[in-house]
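K.L.:
Here the protein sequences come in this chain order: A and B. 0 is the number of the first residue of the first sequence in numbering that gives the first Met the number 0; add one for each residue after it. 0 is the number of the first residue of the second sequence in numbering that gives the first Met the number 0; add one for each residue after it.
Warning: the hint list may mix true and false statements.
Said to hold, decoys possible - With a straight-line Cα cutoff of 27 Å, these simulated DSSO-like cross-link-like pairs (lysine-lysine) come out:
1. A:K319 <-> A:K391
2. A:K6 <-> B:K89
3. A:K391 <-> A:K33
4. A:K384 <-> A:K256
5. A:K182 <-> A:K153
6. A:K14 <-> B:K293
7. A:K319 <-> B:K68
8. A:K165 <-> A:K182
9. A:K182 <-> A:K256
10. A:K256 <-> A:K391
11. A:K165 <-> A:K93
12. B:K68 <-> A:K33
13. B:K36 <-> A:K33
14. B:K36 <-> B:K89
15. A:K153 <-> A:K6
16. B:K293 <-> A:K93
17. A:K165 <-> A:K256
18. B:K89 <-> A:K14
19. A:K6 <-> B:K300
20. A:K217 <-> B:K36
21. A:K33 <-> A:K217
22. A:K93 <-> A:K14
23. A:K319 <-> B:K36
24. A:K93 <-> A:K384
25. B:K300 <-> B:K230
26. B:K293 <-> B:K230
27. B:K230 <-> B:K89
28. A:K256 <-> A:K33
29. A:K14 <-> A:K165
30. A:K384 <-> A:K217
31. B:K89 <-> A:K33
32. B:K89 <-> A:K256
As the list claims (entries may be wrong) - To be clear about the criterion: a stretch of chain B counts as covered by chain A if any three or more of its residues have a C-beta under 8 Å from a C-beta of chain A, and this derived list gives those stretches:
33. 62–72
34. 184–194
35. 251–258
Derived from the structure by calculation, the hints contain no laboratory data. All residues carry an ideal CB built from backbone N, CA and C; glycine is no exception.
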Amino acid sequence: MNTLLLKELEQAAGKNYVFTSSIDRELYSYDATKERRVPEAVVRAVDAGQIARVLALCSRHGIPVTPRGAGTGLSGGSLPMCGGVVLDCSGMNKILELSPQHMVAVVQPGVVNGALQQEAARYGLFFPPDPASLDMSTLGGNVAENAGGPRAVKYGVMRDYVLGLKVVLADGRIMDTGGRTIKNVAGYDLTRLFVGSEGTLGVIVEATLRLFPIPEHKAAINGFFSSARAAALAVQRILTSGIRPAALEFLDNSTLKAVSRMGLHVPQGAQAFLLVDVDGPEEVTIRHLERIRSLMMDHEDRALQTHASASPEEYEEVWKIRRSVGPAVHSLGSGCIAEDIVVPLGSIAAMVERTAEIASTSGLYICCYGHSGDGNLHVNIVYDKERQDQAKHAWDTAAMIFDAAIALQGSISGEHGIGMIKLGFLARGIDPVALDVMQRIRRLLDPAGILNPCKALPEPEAGMIPGDAP
Amino acid sequence: MNRPHHSASTDTEKRSTFDQEVLAASHRCALCGTCQKECPVYGARRREGLSARGRLRLLTARFEGYLDKNTEKALAEAADQCMLCGRCSKNCPNDVPGMETFKAARAFFAETGVSAGMLSPRRLLLARMLPSPRLFRAMLALCRSGKPLLDQLLTRFSGLSMLLPLLAGAEKLPPVASHAALFDVPDEVAGPAGAPRVALFSGCLGTWMRPGLLRATIRSLSRRFTVSIPKLQGCCGLPALSGGFPQAATLLMERNIEALMAARADLIVTPCASCAHTLAHETPGRVSPAMAEKAALLAPKVRELSLLMAEEPGLCLPAGKNGSPVFVHVPCHLSVSFGVSCAPGDVLRRAGIDTFTDGGEQCCGGGALVPQLNPGLSTDVFQRARAAFNRSGAAIVATECSGCFIQWTRCLPTARVLHPVELLFAERS
Ligand SMILES: Cc1cc2nc3c(=O)[nH]c(=O)nc-3n(C[C@H](O)[C@H](O)[C@H](O)COP(=O)(O)OP(=O)(O)OC[C@H]3O[C@@H](n4cnc5c(N)ncnc54)[C@H](O)[C@@H]3O)c2cc1C
Ligand code: SF4
Ligand code: SF4
Chain A
0 MNTLLLKELE QAAGKNYVFT SSIDRELYSY DATKERRVPE AVVRAVDAGQ
50 IARVLALCSR HGIPVTPRGA GTGLSGGSLP MCGGVVLDCS GMNKILELSP
100 QHMVAVVQPG VVNGALQQEA ARYGLFFPPD PASLDMSTLG GNVAENAGGP
150 RAVKYGVMRD YVLGLKVVLA DGRIMDTGGR TIKNVAGYDL TRLFVGSEGT
200 LGVIVEATLR LFPIPEHKAA INGFFSSARA AALAVQRILT SGIRPAALEF
250 LDNSTLKAVS RMGLHVPQGA QAFLLVDVDG PEEVTIRHLE RIRSLMMDHE
300 DRALQTHASA SPEEYEEVWK IRRSVGPAVH SLGSGCIAED IVVPLGSIAA
350 MVERTAEIAS TSGLYICCYG HSGDGNLHVN IVYDKERQDQ AKHAWDTAAM
400 IFDAAIALQG SISGEHGIGM IKLGFLARGI DPVALDVMQR IRRLLDPAGI
450 LNPCKALPEP EAGMIPGDAP
Chain B
0 MNRPHHSAST DTEKRSTFDQ EVLAASHRCA LCGTCQKECP VYGARRREGL
50 SARGRLRLLT ARFEGYLDKN TEKALAEAAD QCMLCGRCSK NCPNDVPGME
100 TFKAARAFFA ETGVSAGMLS PRRLLLARML PSPRLFRAML ALCRSGKPLL
150 DQLLTRFSGL SMLLPLLAGA EKLPPVASHA ALFDVPDEVA GPAGAPRVAL
200 FSGCLGTWMR PGLLRATIRS LSRRFTVSIP KLQGCCGLPA LSGGFPQAAT
250 LLMERNIEAL MAARADLIVT PCASCAHTLA HETPGRVSPA MAEKAALLAP
300 KVRELSLLMA EEPGLCLPAG KNGSPVFVHV PCHLSVSFGV SCAPGDVLRR
350 AGIDTFTDGG EQCCGGGALV PQLNPGLSTD VFQRARAAFN RSGAAIVATE
400 CSGCFIQWTR CLPTARVLHP VELLFAERS
């Protein structure tokens, strides 16, 4: 970035909020993908007006702007692939309003999900979307990625809880979408358009979010199975039993092996693991837990053993294996492609089996685990980062996994987003007409192409969009 | 004579051990950001460079050659912007030793900085106060033969002489005595017949600033124990360690081991959480091999006084009705280092005192020389502690760490700051 431009940027953003030292740029060059792209400048976002000035300037000069929350993304969404500016939104972290009466919260984008949970709990409320990163990821990042967590099976994901947004558009205009009502059909649903837009359509500067009353009671049960198929069948039985679990998590054999390497006990012969969480009035959770136990045990493909929680301590104990998966998988190898495909509920067993086949023919160590209650499976392909050939082989294998998910009418990403990591794979899993419409929307909202370029959608072929030079 | 470092190895060798440490940590790090969760400095300002992830990334980038050449000073400052509270290491799902790496970074930059002429005047000042081993050993040999010299030595190398000179608001603290209060109490105070023996490790506050704390501690302990007060003890070494002078810290630690071994006690009790942390967790791995075995024997015997009072109700007196409630600030060196967050509040409540406690979740910004090296950051961290205190409506703060005492006293002059034992064994004037 030349000095003249930098001066203008400082004028737009405020001198104290622009950083260009090699140290400051390095600090905003990564996220949880462990990839590295160094921006030319970092701008610390402080309010909508400042962001509007910065975007208008960058639009004029064609400088890329990459919004960033906490940088916990798993698809490289906050990496400045084309250089330019990283816009750090983490400092805009005020909860502007929490209304127990309307059961909504109005937040700035840098508020950490867990901080909202804490504040809401003071009023007996909670915010259902619960990505595992909730203690560090920001609500702006959660909206932009349409994040979800284990509770999605019962409560849904971010898009189900965003009632309204304030967004700064690429040209510097500030737009309000939606409102604070549960129902609202006045005009197109622009709010939803921005949920999951990965920082490519505008910068979120405020979000109005829906809150729920905290369930009276929680309980959990886990079970070990002798095959992935047996576990997948139990998932089917539970999901069709009339009970809506608050979480339904699955671990395959390779994941269990990784977990047992961390010193956690896995019984002999266990090839798969399920964790089921229920919430509601205590008498109901007790009844549901018992019914789920019987759905796991009283069948031909019965669980080897189950363990249900009877106290808060035991509840944590029942969850322990599931919670240890992240570090267990991370410790397996220097490189890991962490995919998060999603398939329809009835195809979970088929997807797990297909993954096992792909693993055995590829010779790579592949862990498959995740949110079986909503069909979202994390497929982690472990490889040696130092070996170029292995990296390529791992990505080829990932492509096979994506194809398998698509063949089962699923999608290549359930919650982590496309970012730059999966950019090359998007076209195979999406209707070409839909892709064209998306590209046109993007071009309409960001004609200069400054917002998070090289991400989320592949570039349209030259000449395909009216007004573009052929 | 004041140059505190005496290792024979060259800078290049040191660099490579330090870089190895950084790379090992960085290799484990998944860049997941979990360490931001409870980090007091990141929480206060929400800058990536203040989190363990960011700092570790910078040290790695330095090794990889990604940073400009003139960044060493800024990196040294980054290492100084860590409270060394240990929350990142405790919370990391991948066992990345963040705090330990930043402690090593302080030592590395202190050392290479000296030779590169980079050392800030503030750091030089710190270095001046630390013992030169030759002088220190000579004085120690001399003073074993007589009290006055020992008193002088203790005072010359007290932790307070490192902590106070650079501290804004130090005038709000009680004056520092020119002689150690340890010499005003007997070598031993007998407990009930057949009582077990404890060695009292006084800590800098009791020895120089708040003799009342020392006396209250003895009164409490002697209800159940025979209390030995070894006179050869001195600073626990933590300020030197935080300042980036591990060799100097080792000297202090070794002297303390000698003193405490001689007491032949069943327990070692200190009214300071940071001293307890240093004796139990830092000392065994930092003393010479000849001393390591003794240090390992002593470590499991170490108790911070509040914890012991929680275990041994007999150490406490009922306090009588207390006007306003007491705000209990649990130091990081209790909550993170020992995993204890309820004991201090429990002790006071049991004695009939109304309490609010921060449960050890709120660092006050008083540790790791941050108030001295980066006063603005320390103040920012303190804001949240202050807010919690204000919400409680209390007028008294109870806390059991020298650093926390100094921080609360200088930042909140309207409140009285006391150790729980002083609330229970108040000296009536
Ligand atoms: C250990 C771990 C566990 C995880 N578990 C889950 C999980 O269970 N479920 C899940 O869905 N994800 C999970 N993630 C992924 C990640 O935490 C989420 O994608 C999260 O929503 C990212 O939030 P962030 O604040 O870190 O955003 P960043 O990573 O900084 O950015 C993510 C994207 O959001 C955009 N963005 C950020 N702020 C704004 C804004 N104000 N306006 C517009 N765009 C913006 C960025 O440009 C980028 O494209 C996990 C990550 C880790 C490291
Ligand atoms: S929590 Fe641990 S692994 Fe995660 S970023 Fe921090 S140091 Fe790295
Ligand atoms: S030791 Fe404490 S202050 Fe330092 S980085 Fe870790 S959590 Fe933050």
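K.L.:
Next pair to validate is A:K6 with B:K300; report whether the Cα-Cα distance is within 27 Å.
P.N.:
violated (61 Å)
K.L.:
Go check the region 184–194 of chain B versus chain A for me, would you? Three or more residues, Cβ under 8 Å, otherwise it fails.
P.N.:
violated (count 0)
K.L.:
Sort out whether A:K217 lies within 27 Å of A:K384, counting only the CA atoms.
P.N.:
Violated: A:K384 and A:K217 sit about 41 Å apart, past 27 Å.
K.L.:
Given the hint that A:K391 pairs with A:K33, test it: the Cα-Cα distance must not exceed 27 Å.
P.N.:
Holds, because 17 Å separates the two Cα atoms, which is no more than 27 Å.
K.L.:
Are the Cα positions of A:K14 and A:K165 separated by 27 Å at most?
P.N.:
holds (25 Å)
K.L.:
Are the Cα positions of B:K36 and A:K33 separated by 27 Å at most?
P.N.:
holds (19 Å)
K.L.:
Can you confirm whether the C-alpha distance between A:K319 and B:K36 stays at or below 27 Å?
P.N.:
It holds: about 19 Å lies between the C-alpha atoms, which stays within 27 Å.
K.L.:
Can the restraint linking A:K14 and B:K293 be considered satisfied, given a maximum Cα separation of 27 Å?
P.N.:
violated (57 Å)
K.L.:
What's the verdict on B:K300 and B:K230, does the C-alpha distance respect the 27 Å limit or exceed it?
P.N.:
Since the Cα atoms of B:K300 and B:K230 sit roughly 19 Å apart, the hinted pair holds (cutoff 27 Å).
K.L.:
Does the alpha-carbon distance linking A:K256 and A:K391 stay inside the 27 Å limit?
P.N.:
holds (25 Å)
K.L.:
Starting from A:K93, check that the Cα of A:K384 is at most 27 Å away, please.
P.N.:
violated (40 Å)
K.L.:
Tell me if the straight-line CA distance from B:K89 to A:K256 falls inside 27 Å.
P.N.:
holds (24 Å)
In the structure shown, a violation is registered for the earlier hints numbered 1, 2, 6, 7, 9, 15, 16, 17, 18, 19, 21, 24, 27, 30, 34 and 35, in ascending order.
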